[in-house]
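Residue 125 in my numbering sits at position 125 of the sequence shown; the count goes up by one each step and never skips.
FYI, nobody ran anything at the bench for these hints, they're computed from the structure.
Certain hints may be false.
Label pairs and their calculated CB-CB ranges [said to hold, decoys possible]:
| no. | residue 1 | residue 2 | range |
| --- | --- | --- | --- |
| 1 | W75 | D200 | 52 to 60 angstroms |
| 2 | E104 | D260 | 48 to 56 angstroms |
| 3 | D238 | R65 | 47 to 55 angstroms |
| 4 | K145 | K22 | 34 to 42 angstroms |
| 5 | E100 | R201 | 15 to 23 angstroms |
| 6 | R97 | K145 | 35 to 43 angstroms |
| 7 | N95 | Y28 | 37 to 45 angstroms |
Distance condition first, Cα-Cα at most 27 angstroms in a straight line; then the derived BS3-like pairs of lysine-lysine [to be verified]:
| no. | residue 1 | residue 2 |
| --- | --- | --- |
| 8 | K43 | K80 |
| 9 | K98 | K213 |
| 10 | K98 | K43 |
All C-beta atoms, glycine included, are put in the ideal place defined by N, C-alpha and C.
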Amino acid sequence: MECESLGFQNSENFIYTSKEIKEKGYKYTTEPELPITCQFCGKTLYQRGVVNPITNSVVWLSHERCTCKKATEYWTRYDKKQKELQERRRQEEENRRKREKINEILGDSGIGKRFKNRTFENFKVDAENKEAYTNAKLYAENFQKFKETGEGLYFTGGNGTGKTHLAVAIALYLINKGIPVICMTSIKLLQEIRRTYDRDRNVSEYELLKAYKEVDLLVIDDLGQENITDWSLMMLYDIINDRYENCLPTIITTNFSDEDLIRIWSQKANNDWTARAIVSRLHEMTMGITINGRDRRKEVY
1 MECESLGFQN SENFIYTSKE IKEKGYKYTT EPELPITCQF CGKTLYQRGV VNPITNSVVW
61 LSHERCTCKK ATEYWTRYDK KQKELQERRR QEEENRRKRE KINEILGDSG IGKRFKNRTF
121 ENFKVDAENK EAYTNAKLYA ENFQKFKETG EGLYFTGGNG TGKTHLAVAI ALYLINKGIP
181 VICMTSIKLL QEIRRTYDRD RNVSEYELLK AYKEVDLLVI DDLGQENITD WSLMMLYDII
241 NDRYENCLPT IITTNFSDED LIRIWSQKAN NDWTARAIVS RLHEMTMGIT INGRDRRKEV
301 Y
């Protein structure tokens, strides 16, 4: 990058050490830094400079690197670490932009006020839900590994068994780590798309669908409770299929079995193929977690 900014081709051909530059008689207005010594072999290392062949002037760079074995190993590790650091900073900046866009469109990742206290810490673990709790927490703590494979979770079970609590707990855990997440019911997800058609809405359908399709984690709660039409079924398919093809993780919670979902969607939208395609893709891209037991909504959080 230092050489590219000077604007002439093959700049490496004009890079010399300060010793060479002095010997060649090139002009410079700023004195070079004093030579340093290799910490491994003791070789004298001079500051490097780029000579502009047009103006015959010098722009100083960093010191040369020693080529002894230990120095080469050191700089290999150093360059690798710097590359990883740059990638981490790039990812953090990308995540920041995604979070800002999500909050601009949906407000705080789409999580409703009632659910913002649904954490792992206040989930009431018992014999009936312990395995589900353990798997959900492991998923959150190891999300980056699951993200690499695009693997999500598929929570099933009766009303009030804790499916939503665990799904939201994962979302909140990741949000606190700076990871972009969208978490909402299937009803709200579709409502937000319809709202983009309002004249006073500053968000386009394209922008919202892009957010749904590209967010690091999409949590769809209560799948099957939405009012299904041909339009809404195709919207669900479009979102889920894009995430499936791009290996992006999705978490689903539902009270319905596969066949019940397919039956409900097929009857209302008259589109059996799309209904089956959605269910098939979801199972290929998620791990199933079933939670049985009593209705815990009667208990106060």
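### Structure versus earlier hints, numbers of those that do not hold, lowest first
Hints 2, 4, 6, 10 contradicted; others consistent.
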